[in-house]
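Enquirer: Here is what each chain is made of, one letter per residue.
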Amino acid sequence: MSEEKLKIREDLLAGRVPKRVFMQLRFTLEAACGLAGVDLVKAHFDPKTKLQAYRKVCETFYSDSFPIENVRWPEVYAPLGAKNWVMSSTGAMQHPEIESMLIEDYDEYIEDAFGTIMKKILPRIYPKLDPALPGAPLSFAKAYQRQQATGGEEVGAQIALSEEFDYAPGFFVGLFCEAPFDFLSDQLRGFRNITLDVRRIPEKVEAAVNASLPLMQRQAIPRNPIPGFTVFIPLHLAPYLRPADFERFYRPTFDKLIREINKAGMAAFLFAEEDWTRYADALAALPENQVIQFENGDVQKIKEVVGGKQIIGGFFDPLITLTRSKEACIDEVKRLLDIGMPGGKFFFAFNRHVLDIASIDVSKLVAVLDYVHEHAVY
Amino acid sequence: MIDTAVLKQKLGDLDEDGVQALLDEFAAGTPSAEETQQVVEACQQGMEIVGENFEAGTYFVGDLMYAAQILTAALEQLKPLMSAGGGQAAKGTVVLGTVAGDIHDIGKNIFKALLEAAGFSVIDIGIDQAPSAFVETAKTNGAEIVALSGVLTLSIASMKETIEALAAAGLRDKVKVMIGGNAVSAETCEFIGADYWSKNAAAAVKQGLTYVS
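Residue numbers (our numbering), protein chains in the order written: chain A, 1 to 378; chain B, 1 to 213.
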């Protein structure tokens, strides 16, 4: 593994100015298949085809870490009859709006969140785990077996390609959870329902968010935490909330979760979805040196408010490679680097995953990434 | 008859209980179809206040969703009272859907509620819809507007294909194409050949009204 890339990553995570800007890309399996010209459905189920698609991404685009993220496997969700992850007509796995916890379940959830998930919520998300079905244990066993097998294949592919292409580890190293409010909204009540709940039954929402915190802590922090590891936390709903609701329902448990992760010797890798400029102060107030990838927002303001304390990246929209000239794309990334690089604590990342190859111009994106690799040097 | 100015303001203030109390009072008074129409219009004007607050940055997406919920419930309650005299004629027909490859529908549903509040007839064809579904529905219903929704970046390519399909069917000059969602921008709008883009459903409704006036 490249000592140089490892050192850059270490310096970045420690808050030191590295030799150059660390580059972490994120392509999906769908994009990788499009690039490699292989069938997506075949790649979902055939490790060799998948590896071929991954390798094509590694060969084409410069990155300092393994550039593909594929953690939603249809072969795991299918035997569960999953409602929370489904395949679209193009073969991509997506998360639809779901309501797995009914409004009348609030009191029970507040009293015993884990028990309610096990007894009521999981069978709604995964109907084939309904205890009334004789085949439920077999469905669980199938899903578990496939998760182990596919997970092993994924890790194997990642290790093999990381060795071949000399990658350092990225920031997503397998540990994952959600902010407690996002967990309640995203997986249990749904976006529409939670919007009504915060207005109609705010006390119950607040109590349910508090009840979700220990679950998220348990999911985020392993029994034997690994110092220096990052826990990936995608942040969903704060930008859609009123400031008072953010302060009441979102921030307290989010803040506590991050502090507990840090107490365990790890840091958070946050993906700030949509525009968090409004809540930049809240991100700056977290323990120092959290890694935060931003989707949208005022780069200058976020650098000023958050960048002095946290390690920030993102903002670069690969879609512009479709709509602008190569020179204009490079101008845009120069602008981003000029704002982000001073003082360090900055990494290069896309503002979101590249989901399919039709949403980028490959040659222009290659030029952008080569520019960053060669010129984003301290 | 209730005070429609108060109703309008209560909806604008997102006072769900206040709106409900006024509508209950109104329904209990055996109103005429004409009075019911006035109340519907007050609700529509209340949604305009919501839209203005959203554009001004004092309301957020969650507020729009809540407003849509209050409005949908209000119109459901008022619908039986309108049957005697019929409602106002639709201001125009919109074919609305999430484009192929994308299964997200929250933004689409907010836009739908706001369009209906503004008096449009909306044909919602659902999520993950192929270009042919938009084309056929627009053709069959003589739509003035085709509204394409999508959250994911992959939706941009699908939107482009849909607009190309409208052109191939000879409909491109007959409809205005609006795009909305997380990935849209002025640049993507121009790139795919749409007429209008927005991440702001309230502003998009205003634009839609200019297409049918």
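Worth flagging that the hints you see were computed from the coordinates, not collected in a lab. Computed from a prediction, not measured in an experiment: that's the story for all the values here. Where is the CB? At the ideal position from N, CA and C, for every residue including glycine. There may be inaccurate statements among the hints.
Stated by the list, open to error - Part of the chain B face toward chain A, derived, beta carbon under 10 Å:
hint	residue
1	14
2	63
3	77
4	78
5	79
6	81
7	101
8	102
9	132
10	187
Stated by the list, open to error - Some chain B residues close to chain A (C-beta under 7 Å, calculated; not the full set):
hint	residue
11	73
12	140
13	191
Enquirer: Now, for every hint given, state plainly whether the structure supports it.
Expert: Hint check:
1. 14: holds, 8 Å
2. 63: holds, 7 Å
3. 77: At 17 Å from the nearest chain A Cβ, residue 77 of chain B fails the 10 Å test, so the hint is violated.
4. 78: The hint is violated - residue 78 of chain B has no Cβ within 10 Å of chain A, the shortest such distance being about 20 Å.
5. 79: At 21 Å from the nearest chain A Cβ, residue 79 of chain B fails the 10 Å test, so the hint is violated.
6. 81: violated, 25 Å
7. 101: With a minimum Cβ separation of about 4 Å from chain A (threshold 10 Å), the hint on residue 101 of chain B holds.
8. 102: Holds. Min distance 7 Å.
9. 132: Check failed: Cβ of residue 132 of chain B comes no nearer than 12 Å to chain A, outside 10 Å.
10. 187: holds, 4 Å
11. 73: violated, 11 Å
12. 140: violated, 22 Å
13. 191: holds, 5 Å
Violated hints, listed in ascending order, are 3, 4, 5, 6, 9, 11 and 12; each of the other numbered hints is respected by the structure.
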